[in-house]
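Listed here are the chains, written in short residue letters.
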Amino acid sequence: SQKIEQNSEALNIQEGKTATLTCNYTNYSPAYLQWYRQDPGRGPVFLLLIRENEKEKRKERLKVTFDTTLKQSLFHITASQPADSATYLCAPRIGTYKYIFGTGTRLKVLA
Amino acid sequence: EAQVTQNPRYLITVTGKKLTVTCSQNMNHEYMSWYRQDPGLGLRQIYYSMNVEVTDKGDVPEGYKVSRKEKRNFPLILESPSPNQTSLYFCASSSSPGADTQYFGPGTRLTVL
Chain A
288 SQKIEQNSEA
298 LNIQEGKTAT
308 LTCNYTNYSP
318 AYLQWYRQDP
328 GRGPVFLLLI
338 RENEKEKRKE
348 RLKVTFDTTL
358 KQSLFHITAS
368 QPADSATYLC
378 APRIGTYKYI
388 FGTGTRLKVL
398 A
Chain B
2 EAQVTQNPRY
12 LITVTGKKLT
22 VTCSQNMNHE
32 YMSWYRQDPG
42 LGLRQIYYSM
52 NVEVTDKGDV
62 PEGYKVSRKE
72 KRNFPLILES
82 PSPNQTSLYF
92 CASSSSPGAD
102 TQYFGPGTRL
112 TVL
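Quick mapping for you: the protein sequence lines, in order, are chains A and B. FYI, this note's numbering numbers position 100 of the first sequence as 387, with every residue one higher than the one before it. FYI, this note's numbering numbers position 98 of the second sequence as 99, with every residue one higher than the one before it.
For the record, the hints were derived by calculation from the structure and aren't laboratory data. If you're wondering where the values come from, they're calculated on a predicted model, not measured in any experiment. From the three backbone atoms N, C-alpha and C, an ideal C-beta is built for every residue, glycine too. Check before you lean on any hint, since a few could be wrong.
[Said to hold, decoys possible] In silico EDC-like cross-links for lysine to aspartate or glutamate, where the CA-CA straight-line distance does not exceed 16 Å:
#1 A:385 with B:31
#2 A:346 with B:101
#3 A:385 with B:101
#4 B:72 with B:54
#5 A:385 with B:80
#6 A:385 with B:71
[As the list claims (entries may be wrong)] With the C-beta cut set under 10 Å, the calculated list includes, among others, these residues of chain A facing chain B:
#7 309
#8 387
#9 390
Based on the provided sequences and hints, a complete structural model is requested.
Rendered as structure tokens:
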């Protein structure tokens with residue numbers, strides 16, 4: 288069955304450091320993969336998308352990599368701030384209409 | 002302001018009492034979708050719609066119905082709710098099925114007693 292794995296444990300890092308979150312998937316080859324941010328009690332908010340033919344994508348302090356051989360995406364937040372504290376979800380798109388979401392990694396940036 | 006709205010935001014009901022959760026978007030999006038989110042299970046897709054009158058099942062459609070009579074609205078119907086449908090529900094939309102971004106609503110927290 289299709290499976291998405293994200294760091295199940297919460298990730299605590301010090302302000303100013305780089306946070307790295309991992310998304311591993313099995314049993315299929317997504318055309319692209321999205322990353323979302325979710326705050327408690329709120330809907331996910333889209334952050335970045337990376338396609339299978341792209342190795343890396345950047346947006347301000349965010350960077351996403353996509354290794355189709357390893358079946359893994361890494362999500363980096365550089366110069367992290369307490370306001371970056373949230374749960375981050377990866378969502379590979381499978382087929383034309385369907386998305387599968389990981390359970391998310393809770394990030395806490397300590398001041 | 003571009004947005005996806007859901008109503009109600011919170012609902013407590015009893016087993017077997019039919020309910021509808023509404024979803025509306027003001028972005029003229031073709032693609033709309035319903036998800037439920039449960040601890041440890043993440044977001045799971047219930048139903049999606051590619052356009053008016055075109056819907057299909059996601060991963061967990063049992064116990065749910067949807068309709069898409071207008072482009073902007075995509076209601077989720079629970080004909081006979083059961084306690085295992087207690088969950089946080091999200092509606093989402095995007096300009097097309099293959100669009101880069103899904104826009105999510107604020108969520109509806111449903112409790113079925």
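Hint by hint, here is what the structure shows:
no., hint, result
1, A:385 with B:31, "holds, 14 Å"
2, A:346 with B:101, "holds, 15 Å"
3, A:385 with B:101, "holds, 13 Å"
4, B:72 with B:54, "holds, 9 Å"
5, A:385 with B:80, "violated, 24 Å"
6, A:385 with B:71, "violated, 21 Å"
7, 309, "violated, 15 Å"
8, 387, "holds, 8 Å"
9, 390, "holds, 4 Å"
Hints 5, 6 and 7 from the list above are not met by this structure, while the remaining hints are.
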